[in-house]
Each structure stands twice: as C-alpha cells, then as structure tokens.
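There are 4 protein chains.
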Amino acid sequence: MSKTRLEAFSDGVFAIVITLLILDVRLPPGASPTAEAIRSLAPQIAAFVLSFIIVGVYWVAHHHMLHFVRQVNRQLLWLNLLLLLAVVFIPFPASLLGLQLRNPLVVRLYGLTLMATNAAGLLFWIYATGHEHLVIPELSREFAGFVRRLHGSPIAVYALAVALAGSNVWVSLTLYALVPLFFILPNPFLQRKVDALSGGG
Amino acid sequence: MSKTRLEAFSDGVFAIVITLLILDVRLPPGASPTAEAIRSLAPQIAAFVLSFIIVGVYWVAHHHMLHFVRQVNRQLLWLNLLLLLAVVFIPFPASLLGLQLRNPLVVRLYGLTLMATNAAGLLFWIYATGHEHLVIPELSREFAGFVRRLHGSPIAVYALAVALAGSNVWVSLTLYALVPLFFILPNPFLQRKVDALSGGG
Amino acid sequence: MSKTRLEAFSDGVFAIVITLLILDVRLPPGASPTAEAIRSLAPQIAAFVLSFIIVGVYWVAHHHMLHFVRQVNRQLLWLNLLLLLAVVFIPFPASLLGLQLRNPLVVRLYGLTLMATNAAGLLFWIYATGHEHLVIPELSREFAGFVRRLHGSPIAVYALAVALAGSNVWVSLTLYALVPLFFILPNPFLQRKVDALSGGG
Amino acid sequence: MSKTRLEAFSDGVFAIVITLLILDVRLPPGASPTAEAIRSLAPQIAAFVLSFIIVGVYWVAHHHMLHFVRQVNRQLLWLNLLLLLAVVFIPFPASLLGLQLRNPLVVRLYGLTLMATNAAGLLFWIYATGHEHLVIPELSREFAGFVRRLHGSPIAVYALAVALAGSNVWVSLTLYALVPLFFILPNPFLQRKVDALSGGG
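Which chain is which? The protein sequence lines are A, B, C and D, in order. Note that the working numbering has the first sequence beginning at 1, numbered continuously upward. Note that the working numbering has the second sequence beginning at 202, numbered continuously upward. Note that the working numbering has the third sequence beginning at 403, numbered continuously upward. Note that the working numbering has the fourth sequence beginning at 604, numbered continuously upward.
Just so you know, the hints here were simulated from the structure itself, not pulled from any lab data. Positions of the beta carbon are idealized from the N, C-alpha and C atoms, including for glycine. Please note: incorrect hints may appear among the correct ones.
[Stated by the list, open to error] With a Cα cut of at most 25 Å, we get these calculated BS3-like pairs of lysine-lysine: (1) B:K204 to C:K405; (2) C:K405 to D:K796; (3) D:K606 to A:K3; (4) B:K394 to A:K3.
[Unchecked claim] Which residues of chain B face chain C? A few of them, derived with a C-beta cut under 7 Å, are: (5) D212; (6) P229; (7) P234; (8) A238; (9) G257; (10) H264; (11) L267; (12) A357.
[Claimed, not checked] Label-pair distances were calculated between CB atoms; the ranges are: (13) A:E132 to C:L501: 44 to 52 Å; (14) D:P740 to C:T406: 23 to 31 Å; (15) B:L324 to A:E138: 49 to 57 Å; (16) C:P430 to A:T174: 53 to 61 Å; (17) D:G633 to B:L361: 35 to 43 Å; (18) A:N187 to B:L361: 14 to 22 Å; (19) C:T406 to B:P244: 47 to 55 Å; (20) C:T406 to D:Q674: 17 to 25 Å; (21) B:S233 to C:P539: 35 to 43 Å; (22) C:G532 to B:L324: 38 to 46 Å; (23) B:S354 to A:V171: 39 to 47 Å.
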C-alpha cells in the first residue's frame with residue numbers, strides 16, 4: 001500500500017464524514033418550516049458546527065502525521081483504518097448531541113468518542129515513530145515526542161469533560177470547543193515549539 | 202498542507218454536497234408515487250436544481266481562486282475550511298426551500314446562507330492576496346481587486362433578495378437564480394474584463 | 403479548469419451517485435426483517451441493480467469522451483456540469499421505481515431521466531468535437547460521428563420505452579436493461595467499428 | 604480506461620460505502636437519547652464495526668490485486684464494477700443485521716452477500732491472471748494461485764456460516780469476524796507464504 005493511496009482514501013473518508021454531518025440538521029418528517037421549528041434546530045446546528053470543526057482538526061492532524069511517514073506497512077495500514085473507524089463513528093454521537101445538547105449521557109458519549117479518536121491517532125503515531133524505517137530521517141526524537149504529547153493531551157481534557165458532564169454539561173461542551181480552537185487560532189506557544197523542533201509539518 | 206491536497210479534499214466535499222442535494226427530492230415515507238404526489242415534488246426539484254447550480258458556481262469559483270494561490274499556510278487552510286463549512290451547510294436551507302418554496306422565512310435563510318458562503322470566499326481571497334508569498338507573482342493588484350468585487354457583489358444581491366422576501370418571494374428567488382446565470386452564461390462584460398486584466402484563471 | 407480536475411470531480415460525483423443508490427434498498431422504518439418483508443424489497447433491489455449498471459455505463463462513456471478532449475473551456479465545463487446534474491438526478495426516479503416497478507408513470511419518468519442524461523452527454527460531445535482546439539488531433543471526423551450516433555441512439559430506445567410504458571411496463575424495463583447490456587457484453591459489431599475508426603478510447 | 608482512474612474511482616466507492624455504514628447507527632425518529640435507547644443500539648454498533656472491518660479488508664485486497672494488474676481492458680473494467688456492485692450492496696444486509704443481530708434469515712443474507720463479494724473478486728483475479736498482457740511480468744503462476752486460494756477460501760467459511768445460521772447464529776457471526784481477523788492480525792503463516800512466493804504486494 002503506497003502512502004499516496006492511503007492519504008487519498010483517508011481524505012475521501014474525512015470529506016464524506018464532514019459532509020454527512022449536515023444530514024442531521026433536518027426538520028422532523030412532516031414538520032413545517034416555521035420560525036419556531038427552525039429555532040428548535042439550534043442544538044443540531046451547534047452540534048453540526050462543533051463536529052465539523054473537530055473533524056476538520058483531525059483531518060489536519062492526520063496530514064501532519066503522514067507528512068513524516070515515509071512508507072506504510074500492514075500494521076500501520078490497519079492502525080490508520082482504526083483511526084478512520086473512530087472518525088466515521090463521530091456522526092453518531094454528533095446526531096445524539098443535536099437531539100439533546102444538555103443530556104449528560106450524550107455529552108459523555110461524545111467525549112468518549114473523541115477520546116477514542118485521539119487514542120487511535122496516538123497509537124498510529126507511536127507505532128510509526130517507533131519504527132525508524134517508516135518515518136523520514138529528518139524527524140527528530142524530540143519532535144516525535146512533542147507531537148505525541150500534543151496528540152495525547154486532548155485525551156486528558158476530554159476525560160475531564162466526560163467526568164464533569166454529570167454536574168455541568170456547559171463546562172464539558174466548552175472544553176470540547178476549546179481543544180480545536182487551541183489548534184486553529186494563531187498560537188505563539190505552539191508555533192515557537194514547532195519552529196524550535198522541526199522544519200515544518 | 203500542500204495546495205494539491207487542499208484542492209483534492211475541497212473537491213471531494215463539493216462533489217458530496219452537490220450529490221447529497223438529491224436526497225431531499227423524495228416522496229414522504231409511505232406515500233405512493235401517483236401523478237399528484239410526484240407533481241407535489243416540484244418545489245423540491247426546483248430547490249435541487251437551483252442549489253446544484255449554485256454549488257457548481259462555488260466549485261468553479263473555488264478553483265479559479267486556488268489557481269492564483271501558490272502555497273497554503275495555517276490561516277489559509279482554516280479559511281478554506283470556513284468556506285467549506287458554509288458550503289456543507291447549503292443542503293439544510295435547500296431542504297427547507299424544497300418543503301416550502303414560498304415561505305419568506307425559508308427564502309431568507311437560504312439567502313443568508315449564500316451571503317455567508319460568499320463572505321467566507323471573500324475572506325479567503327482577501328487573506329490570500331494580502332500576503333504576497335501565498336499567491337503567484339503573475340497576479341496583478343488590479344485583477345485581485347476585480348475578483349474581490351466579483352466575489353463580493355453577489356452578497357449585495359443576496360442581501361436585497363433577503364430584504365425583499367417579506368414582500369415578494371418570487372423576486373428573491375429570481376435574484377438567487379440570476380447570480381449563477383451571470384457567471385454561467387456567455388458574458389461579454391466578464392470576458393472583456395478577464396482578458397484585459399489577466400492571462401486566464 | 404484543467405481536464406484532470408474536471409475528471410476527478412466528475413469521478414467523485416459518479417462514485418457518490420452509484421453508492422447512494424443502495425440507501426433506497428431499506429425496510430420501512432419500524433419494519434421487522436421477516437422473510438416476507440425482505441422479499442417485498444425485490445423491486446427496490448431490481449431498481450438498484452439496474453440503476454447501478456446504467457450509472458456505471460455513463461461513467462465509462464464519460465471517460466471515453468474525455469479521452470478525446472484536450473482542454474476544457476467555460477462552455478464545456480458547464481456542459482459537463484449539466485451532464486452531472488442529470489446523473490445526480492437519477493437516484494430520484496430510481497427510488498420511485500423501487501417503490502412501484504410496474505407503475506407506468508414511474509417507468510416513464512425513469513426513461514425521461516435517462517433520455518435527458520444521454521442528451522446532455524450528446525450536447526457535451528457535439529460541443530467538444532465542434533471546436534477543433536478542444537479535442538486531440540487524432541480524433542477523426544468519422545469517429546466523432548460514430549460516437550455521436552452511439553451516444554444518441556439510446557435516446558430513441560428510451561423514447562420507445564417511454565411510449566410503450568402505458569401498454570406494457572415489462573417491455574419498457576427490458577429496453578432499459580438492454581441498452582447497458584449492449585455496451586457491456588462482448589460486442590463484435592461495436593469492436594469492429596471502434597477498431598476500424600480509431601486507435602482506442 | 605487507465606488503471607489509475609479505475610483505482611481512484613474504486614477507492615471513492617470504498618470510502619463512501621465504509622462511511623455510509625454509520626448512517627444506520629441512529630435512534631428511531633422521535634426517540635429520546637436515554638441510556639436504554641442508546642443501549643438498544645448495541646446490535647447496530649456491532650453490525651457497523653463488523654461491516655467496517657470487512658469492507659476495509661476488501662479495500663486492502665482490492666489494492667493488492669490491482670498492484671499486479673498492468674492494464675485494464677473492457678472485460679476487467681466490468682468485472683471491477685461487478686465487484687463494486689457487491690461491495691455497494693453490503694450496507695443493505697448490514698442495516699438488517701443491525702436491526703436483528705440474531706435473526707438467522709438476516710445472518711444468512713449477510714453471509715450470502717459476502718460470498719458474492721468474494722466470488723466477484725475471485726472472478727476479477729482469475730480473469731486478470733488468465734491474460735498475460737493484463738498483469739505484470741513479475742507475477743508468478745504460483746503466487747497467482749496462492750492469491751486465488753486466499754481470496755476463494757473465505758467463500759467456504761461464509762458458506763459454512765450460512766449453513767449453520769439456522770442452528771446457532773453466534774457461530775455464524777464469529778466466523779464472519781474471524782475471516783477479517785485472519786487478514787488483519789499479524790499472521791506468520793500468511794507472511795511466510797507471501798515472502799516465499801513474491802516480492803511484495
């Protein structure tokens with residue numbers, strides 16, 4: 001399996017997942033598009049936007065990791081499919097979140113899915129960087145460790161959000177939104193680290 | 202993130218969005234395909250055709266803009282995802298429009314989504330052309346400004362349509378249809394401008 | 403717009419359309435998967451298989467036509483989108499056909515959609531081959547005419563099927579199935595013509 | 604039809620099929636996301652994970668086979684579409700399996716679909732390797748035979764599962780899960796055979 005094929009296939013899956021999310025922003029069958037009915041879709045629209053951004057961040061992270069991968073073996077191929085399995089699962093908890101944004105159970109399930117996705121990405125990275133012939137020689141041990149911590153830290157944040165969902169779902173939802181913002185917004189801390197440790201990514 | 206990857210991912214999202222639109226042209230569950238039932242889908246078919254053409258124009262515009270982009274940085278990557286967020290949202294107001302073509306609220310929501318999409322595209326272009334190292338050197342300041350006006354003008358037309366939806370939805374719907382026709386039909390004004398300012402696109 | 407981008411986008415749309423067709427092979431919501439319920443899906447499965455094959459033939463025909471295209475201008479780009487509009491529409495009459503395979507109205511609508519798709523493809527080909535700079539120099543006038551007749555003939559067959567749907571839908575459905583079989587099955591007549599007129603396709 | 608185009612189109616179809624599977628993991632319309640309602644989706648989640656992995660294995664197998672294909676003729680193109688037809692069908696029995704995991708009829712239909720998919724893949728491989736000019740010269744007769752047995756053996760396992768579904772569906776479901784695990788888990792037997800017979804794949 002060439003790296004290019006793996007990337008193209010993964011890109012396709014990410015593009016479909018990110019687009020399918022809108023299918024859950026729909027009026028119930030038979031409902032009329034009144035102002036009230038459309039307003040009642042606010043949680044679905046919020047869940048859509050949050051999930052779109054989160055899947056977008058995973059897509060960007062996937063590219064950054066593959067940038068350092070030189071070749072793909074059987075194990076890495078299946079770890080990539082494990083990551084895609086978690087990503088493809090996201091629309092399900094996202095659909096539940098759209099139904100009841102303030103349901104602690106749903107908020108927890110959403111967080112657990114994100115934890116699983118980051119864990120799968122982490123496994124992919126740990127396996128790839130643990131086998132010298134699979135990554136490009138320019139990848140330093142320090143940078144590999146930095147990406148590992150970067151990809152692993154959200155798991156702790158999501159775990160906190162899952163734990164807090166019972167007492168206050170808004171704190172949990174805010175934590176879910178903060179993680180992608182950390183990666184999207186201009187971030188001097190992140191930039192300095194990346195500049196110090198690598199030539200790009 | 203290479204420009205090629207960004208294009209391929211965006212193409213994938215555009216292709217999925219433009220195809221998903223047909224999923225809203227469906228009989229209600231349990232309905233029989235009688236002549237009357239099929240005729241009653243006329244608004245859904247109209248909303249499908251209109252939205253297909255509009256998304257098609259966005260896809261072509263996206264390519265024309267990327268033609269002048271030389272490299273993609275973090276900011277441009279996320280502005281592109283913001284544009285895709287707006288494009289992926291289009292099937293939702295399109296589904297409402299299919300339900301009630303003459304509902305002013307729905308006609309307004311449709312127009313607001315198109316305004317947001319053009320605004321996101323405009324942001325993308327303004328950011329790219331404001332950073333010399335991101336665009337190709339052949340791009341003149343005049344042509345960048347021309348594309349800016351070309352991409353921004355529909356916002357005013359859509360705003361007018363949104364404002365008029367309360368008094369006459371047919372005027373609004375006609376305005377929505379005229380914008381893509383302006384870009385699709387042979388257009389001597391547009392062609393002369395493009396020829397004068399650039400070598401293509 | 404480069405030809406490669408147009409092909410990749412069109413391929414994406416064809417791949418999504420051909421896959422979405424399976425979404426209409428579903429039990430009604432709340433139904434149990436009993437032997438009887440599954441047997442009652444036979445028309446939906448038949449409509450799925452027929453439409454899959456027909457879209458597959460369109461996909462192959464699209465490639466064969468693009469093989470002779472050298473460059474894509476604005477007009478050809480929009481004629482290609484017109485063709486895709488017709489292709490994206492197919493899942494709608496296909497879903498109706500799955501509901502009532504023997505409903506003359508539905509059988510007619512299905513045929514009209516196929517006629518429109520072939521007509522759009524024909525327009526694409528006539529425009530491309532009518533502008534020498536858009537096609538490869540190896541394309542002879544004779545071969546262009548042969549492809550034109552090949553792409554246009556099914557319109558007559560489908561028109562016959564539409565006309566006959568009122569008296570016997572099975573004749574119409576058989577005609578719909580025969581057209582793709584003519585293109586798929588080993589076909590000495592077709593092969594001899596292609597060999598005589600061109601070096602491939 | 605170039606091999607690259609065929610691969611890209613097939614990859615698109617595989618990516619869409621594998622992602623669409625999640626659309627069947629949904630609460631019934633109008634249901635609240637209670638703990639009980641979510642727990643009742645366990646069979647749907649199990650059917651999703653099983654089908655995701657199985658489609659993933661087919662995707663990897665498709666690549667391995669195409670690795671040895673040098674050029675694609677009309678017959679091979681249509682055999683590839685026959686394989687895709689079977690793959691696109693999988694979400695239908697998968698949706699039934701999600702409804703009633705322990706229904707022997709559904710378990711049988713699922714297995715018959717997998718048998719058809721492997722049979723289509725086998726036909727593709729037998730046709731390709733039976734025509735010397737379609738495959739790369741490095742492909743030995745022994746390796747072609749090994750892949751044939753490897754791709755054909757699951758048909759026997761699935762047939763056994765279909766036969767046993769009437770007496771014990773869990774045995775059948777376990778057999779469905781074991782086949783992909785045989786291909787995914789590190790497998791010294793498989794590796795030794797591949798190393799002995801070929802330089803990769």
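Verification of the supplied hints:
Of the pairs offered as hints, the one joining K204 of chain B and K405 of chain C holds, with about 17 Å between alpha carbons and a cut-off of 25 Å not exceeded. Between K405 of chain C and K796 of chain D the alpha-carbon distance is near 43 Å, which puts this suggested pair outside the 25 Å criterion. Under the criterion of a C-alpha separation no larger than 25 Å, the hint pairing K606 of chain D with K3 of chain A is consistent with the structure, at around 17 Å. Among the hinted pairs, K394 of chain B with K3 of chain A is inconsistent with the structure: their alpha-carbon atoms are about 43 Å apart, more than 25 Å.
Because the beta carbon of D212 of chain B sits about 5 Å from the nearest beta carbon in chain C, less than 7 Å, this interface hint is met. The beta carbon of P229 of chain B comes no nearer than 12 Å to any beta carbon in chain C, farther than 7 Å, and the hint placing it at the interface is violated. Annotation: interface hint on P234 of chain B holds; nearest CB of chain C at approximately 5 Å, less than 7 Å. A hinted interface residue such as A238 of chain B counts as satisfied when its beta carbon comes closer than 7 Å to some beta carbon of chain C; here the least separation is about 9 Å, so the hint is violated.
Look at G257 of chain B: its Cβ gets to within about 5 Å of chain C, closer than 7 Å, so that hint holds up. Because the beta carbon of H264 of chain B sits about 6 Å from the nearest beta carbon in chain C, less than 7 Å, this interface hint is met. For L267 of chain B, the shortest C-beta to C-beta distance to chain C is roughly 10 Å, which exceeds 7 Å, and the interface hint is violated. For A357 of chain B, the shortest C-beta to C-beta distance to chain C is roughly 24 Å, which exceeds 7 Å, and the interface hint is violated.
E132 of chain A and L501 of chain C have their C-beta atoms about 59 Å apart, which leaves the hinted 44 to 52 Å range violated. At roughly 29 Å, the beta carbons of P740 of chain D and T406 of chain C sit within the given window of 23 to 31 Å. Evaluation of the 49 to 57 Å hint for L324 of chain B and E138 of chain A yields a failure: the beta carbon distance comes to about 34 Å. Distance hint for P430 of chain C and T174 of chain A: a CB-CB separation of about 41 Å, inconsistent with the stated range 53 to 61 Å.
Roughly 40 Å separates the CB atoms of G633 of chain D and L361 of chain B, a value that falls within the hinted 35 to 43 Å. Between N187 of chain A and L361 of chain B the C-beta distance comes to about 40 Å, which lies outside the given range of 14 to 22 Å. Distance hint check: the CB atoms of T406 of chain C and P244 of chain B are about 37 Å apart, inconsistent with the given range 47 to 55 Å. Between T406 of chain C and Q674 of chain D, the C-beta spacing of about 20 Å keeps the proposed range 17 to 25 Å intact.
Checked against the hint of 35 to 43 Å, the pair S233 of chain B and P539 of chain C fails, with Cβ atoms roughly 55 Å apart. Distance hint for G532 of chain C and L324 of chain B: a CB-CB separation of about 40 Å, consistent with the stated range 38 to 46 Å. Remark: the range hint 39 to 47 Å for S354 of chain B to V171 of chain A is upheld by a beta-carbon distance near 44 Å.
This entry does not satisfy hints 2, 4, 6, 8, 11, 12, 13, 15, 16, 18, 19, 21, going by the numbered hints stated previously.
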